[in-house]
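Make the full structure from the sequences, and use the hints.
Here are the chains, one letter per residue:
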Amino acid sequence: EAGVTQFPSHSVIEKGQTVTLRCDPISGHDNLYWYRRVMGKEIKFLLHFVKESKQDESGMPNNRFLAERTGGTYSTLKVQPAELEDSGVYFCASSQWGGAQETQYFGPGTRLLVL
Amino acid sequence: AQTVTQSQPEMSVQEAETVTLSCTYDTSESDYYLFWYKQPPSRQMILVIRQEAYKQQNATENRFSVNFQKAAKSFSLKISDSQLGDAAMYFCAYRRASSGDKLTFGTGTRLAVRP
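Those protein sequences? They're chains P and U, same order as listed.
For the record, in the first sequence the residue sitting at position 107 is 107 according to our numbering, with numbers rising by one throughout.
For the record, in the second sequence the residue sitting at position 39 is 39 according to our numbering, with numbers rising by one throughout.
Just so you know, these hints were derived from the structure itself, not from any lab.
Backbone N, C-alpha and C fix where the C-beta goes; we use that ideal spot for every residue, glycine too.
Honestly, I wouldn't trust all of these hints.
Claimed, not checked - If the Cβ cut is set under 10 Å, some of the chain U residues that face chain P in the computed set are: (1) Phe35; (2) Ala71; (3) Ala93; (4) Gly100.
What the hints assert, rightly or not - Taking beta-carbon pairs under 8 Å as the criterion, some of the chain P residues facing chain U (in silico): (5) Gly3; (6) Phe45; (7) Gln55; (8) Asp56; (9) Thr103; (10) Gly107.
What the hints assert, rightly or not - Using C-beta positions, here's what the derived DEER-type ranges look like: (11) U:Ser28 with P:Gln96: 40 to 48 Å; (12) U:Phe64 with P:Leu66: 36 to 44 Å; (13) U:Pro9 with P:Val12: 22 to 30 Å; (14) U:Glu15 with P:Pro81: 43 to 51 Å; (15) U:Ser99 with P:Leu115: 39 to 47 Å.
This is the structure in C-alpha cells:
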C-alpha cells in the first residue's frame with residue numbers, strides 16, 4: 001500500500017510568487033490534514049478535510065493560503081503571494097475515518113524556502 | 001487550548017544504552033491520546049508509540065516504552081538498547097479523543113546515537 005506522498009519535495013521561490021503544494025493521501029483515507037513546521041518550532045496544524053469538505057481550518061495563517069481537495073482525493077495548498085515567513089516544511093497527513101483510535105500517517109513534507 | 005512541551009532540544013546516547021525523552025502537556029480534557037513520532041533525517045515521520053489516556057498501563061513497542069503520568073501530565077519515551085537507526089527528531093503529540101481531531105505537537109527533541 002502506497003503511503004502519503006507530497007510534491008514537490010523542495011521549492012525555492014521569491015517573495016511575491018505563487019507556489020502550489022500537492023498531497024496524495026493513502027487510498028481510502030477520508031481525513032486529510034495539513035501541518036507546517038517553521039524552523040526550530042513546533043509542527044502546527046493548518047487545516048483538516050473530511051473527504052472534500054473543510055472540517056477545521058482554524059490554523060490557516062491568513063487569506064494568502066488556499067487549500068482544496070476536489071473530489072475528496074488529493075489536496076493542494078496554494079500560497080499566493082508568498083512571504084518570507086511562509087518558509088518552512090509543510091506536512092500532509094491522512095487517516096481513516098472510524099473512531100477515536102485512528103492514526104495519522106504523514107508524508108515526507110515539502111520544504112519551502114521564500115527568498 | 002492544549003499545549004505540548006519538550007524541554008530537551010537535543011539528546012545524545014551511546015549505542016546499546018538507554019535514553020529517556022521528556023514531554024509534558026496541558027489539557028482540561030479527561031480523555032485523549034498521546035503519541036511519539038520519529039522523523040529520521042530526510043525521511044518520513046512515522047508513529048513510534050501511542051497511549052490512550054484512559055489506560056493506566058504504559059504502552060510498549062519492542063524497545064520503545066512510555067512512562068505516562070496522567071496526574072502530572074507527563075509522557076516520557078524510553079528507548080532501550082539504542083541503535084544507530086534510532087537517530088532522529090522525536091516529536092511528542094497530543095490529540096483529543098474526538099474522531100478526526102488534529103494533533104498538537106511539541107517542538108521536538110533531536111536524538112543523536114554515538115557508536
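Here is what the structure says about each hint:
1. Phe35: holds, 8 Å
2. Ala71: violated, 22 Å
3. Ala93: Result: holds, 8 Å to nearest chain P Cβ.
4. Gly100: Holds: closest Cβ of chain P sits about 5 Å from Gly100 (chain U), inside 10 Å.
5. Gly3: holds, 7 Å
6. Phe45: holds, 4 Å
7. Gln55: Result: holds, 7 Å to nearest chain U Cβ.
8. Asp56: Status holds, d = 7 Å.
9. Thr103: holds, 6 Å
10. Gly107: With Cβ-Cβ at 7 Å, under 8 Å, it holds.
11. U:Ser28 with P:Gln96: 40 to 48 Å: Taking Cβ atoms as reference, Ser28 (chain U) and Gln96 (chain P) lie about 28 Å apart, which means the hint is violated.
12. U:Phe64 with P:Leu66: 36 to 44 Å: holds, 39 Å
13. U:Pro9 with P:Val12: 22 to 30 Å: holds, 27 Å
14. U:Glu15 with P:Pro81: 43 to 51 Å: holds, 48 Å
15. U:Ser99 with P:Leu115: 39 to 47 Å: Holds: the Cβ-Cβ distance is about 41 Å, inside 39 to 47 Å.
Violated hints for the displayed structure, listed by number in ascending order: 2 and 11.
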